[in-house]
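Chain order of the listed sequences is A and B. So the first sequence is numbered by my numbering: it starts at 1 and just counts up by one. So the second sequence is numbered by my numbering: it starts at 1 and just counts up by one.
None of these hints come from the bench; they were simulated from the model. Note that the coordinates shown come from a computational prediction; the quantities given were computed from them, not determined experimentally. It is possible that some hints are incorrect.
Within a straight-line C-alpha distance of at most 25 Å, the following computed DSS-like cross-link-like pairs (lysine-lysine) qualify [unchecked claim]: (1) Lys277(B) <-> Lys48(A); (2) Lys40(B) <-> Lys48(A); (3) Lys48(A) <-> Lys286(B); (4) Lys40(B) <-> Lys62(A); (5) Lys279(B) <-> Lys2(A); (6) Lys62(A) <-> Lys221(B); (7) Lys40(B) <-> Lys149(B); (8) Lys48(A) <-> Lys281(B); (9) Lys221(B) <-> Lys48(A).
Where chain A lies over chain B, by a calculated footprint (3+ residues, C-beta under 8 Å) [as the list claims (entries may be wrong)]: (10) 229–237; (11) 268–280.
Built from N, CA and C at the ideal position, the CB exists for glycine as well.
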Amino acid sequence: MKKEEFLREIEEIVGAKHGTVSMESNLQDLPQWDSMAYITFIALADSKLNLSVDANRLASCKTVRDLAALADISLD
Amino acid sequence: MKRPKAALHAISYHLPERVLTNEELASEYGGWSPDKIEAKTGIRKRHIAGPGECVSDMAISAAKELFATGACKPGEIDGLLLCTQSPDHFLPSTACLVQERLGLPTTCAALDFNLGCSGFVYGLGMSKGLIETGQARKVLLITAETYSKHIHPGDKSVRTIFGDAAAVTLVQAVQSEDESIGPFVYGTDGRGAKNLIVPAGGFRQPFVVNAETTEDGSGNKRTINNLYMNGPEIFNFTLSVVPETVSRLLAMAGKRMEDIDLFVVHQANQFMLEHLKRKLKVPDEKMPILMAHCGNTVSSTIPILLKDLETTGRLRKGQCIMLLGFGVGYSWAGSLVRW
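Isolated chain B, as found in the complex (with noise of 0.2 Å):
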């Protein structure tokens, strides 16, 4: 018999109840507008995990979710990746918690990884290589942040972007003579670790209780427990790394860019996208952007993209998609996907 391919099967995603506005932003900070807030990010709101709220309770209820919609059952995954930055604990694995919540199968391999932007991508890349070497079947990749808990309330430059969400996709063994998955290429580059990190709260630098507040030249407030985030050297990071990383994937897999039928590229923030599409010379209806309802949710952008396509009818059967995550690390990664 030969060995299974694997296929993207379900999405599932879960926003928390509570949500941040650009109202509210803006008459918490004043300078700029509601509007200008949405012109300048693509985002009307984000939704905020509340106080008790972690990211084992949101990969929960995405999960749920899937299994509602009679995707699979839970005694049926045997393969569980999470993806986050924001644990419920240092250990154990938020992956383990979710096992036991879910009901899912003491023989399932469950394990975190620990990867931002990216982190989609590398995790389709793990479920293929479960999949097509006969280790698992079934995968649910859950990828899940609670960013808002690393930001400070003073931080303008990152609470207007930064939204909490949970995303479960189920990758699952299919017989077929065709790739639906792939190829894949990834990057890292960790000289850019500085620009995008919450310095305090590990080992290296333990939380600082009592932390000074410093505030920057754009007058956003931080402590060294909080993220930080230098946007004009992630923007240049971007700039240099994604339409390489197009390139290689191409040469890849033999395509050309009329091949792509869509370019699902992470969300990070509008004015970066709109920048990218033109520079990619990428037409409007090839690259969405729908990120006005949730923000930039981390690892979370590309399924809930997928999701949201999917549901409007613009994701069609056979299509030829490409993934592009990128971010903090640095790592970047991208992939093809046959829907």
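Isolated chain A, as found in the complex (with noise of 0.2 Å):
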């Protein structure tokens, strides 16, 4: 997946606006990076990456970069 497509659904994820969203994001800061937004970036994985996401890990993730690592997503 590229960056800026892995960017792109972040932004859907937690309804943010195109071009809004960088890797160094914070998720808090995120307009909505709550329990929804999780179980969707879990699907995003599934789907997408046949990835399962171990949703402890994931909620101590910090930034996007960080959600990259989790997905291990080499972005181009």
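Once you've looked at the hints, go ahead and assemble the two chains, each given alone in its own frame, into the complex.
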């Protein structure tokens, strides 16, 4: 998955405007980074990456870059 | 004379009068609009039991409605299985209270069993066992919950999803060569107990008076006496067990996905169901999602969905239906029903 595509997915999940989320964005500063967003991220990893994401590790992520690392995405 | 077969004969359900709308929730919590709540959960409203309204009251209303249809008479019932996790009392069994209030015979077997979202399928399996071993001929399978009484008013994560309800399903003996219920597959994994739990109120951790209210990272408030759900872990559990349960059931029945006319799946929330539908590659028309009017009613979602599908003509005689229930425990079960 390309970096831009990943960021668009995160923007979609948290209901943020296009271009407002970066790899360094703090998750707690995003508009809707809540339990529903966790579930949506798990669904994204399952459907697009065929990957199971541990919910406790997800909860410990601080930035968007942490999410990418958790999903084992090498962003081009 | 050959042993009778068990068949699902009739369903009725009851929703409490009080309604909790998305508009009310949005005005209380902020952040999410009513439309956003519906888009995420698939729910427009939930019915909430009144302060003095208990599981037995809702069960009685649903059962009386079933008797009023002429499906059977109270005096014919010889088995009563009641699935709940919010009983009227620790003891006696709520089933005993329901037996008396419905005027069922004193020769009727009656018991409660404690399961959540897998409860209907487990109850169907037990009903079949009672009937096909000659222990009962007409079993009332009651699923009833007042989860709202477990929920903290400040916990958006569960208050948006769960609604109260009771459903009554009549399973009865028929003389037939063909099986109309089964086979069944079951599953249990107690490692997930902590992820959907009311921690206090039993004897491991007695009810705490003036319990401290805590707030999680998403702003949801609860005490140790309230329902706690780790939604992301429950979602992971579902992604793990549901596809496997479908495969086990198909293998056991010697059927393929194409042989199943309808997948009647526990109505947990719309997002989860839409994802499962894509994962299982089931067409939209074969996996209905109908929970906007009542939310996730725990063990009653499957019978409520069956009843609504029957009422709207989407369930037709002879169809092969896969039932799938999964949740608290963890506990899960699947079965086939020939309608």
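Looking back at the numbered hints, which does the structure fail to meet, lowest number first? Going through the list in order, the structure violates hint 9 alone and respects the others.
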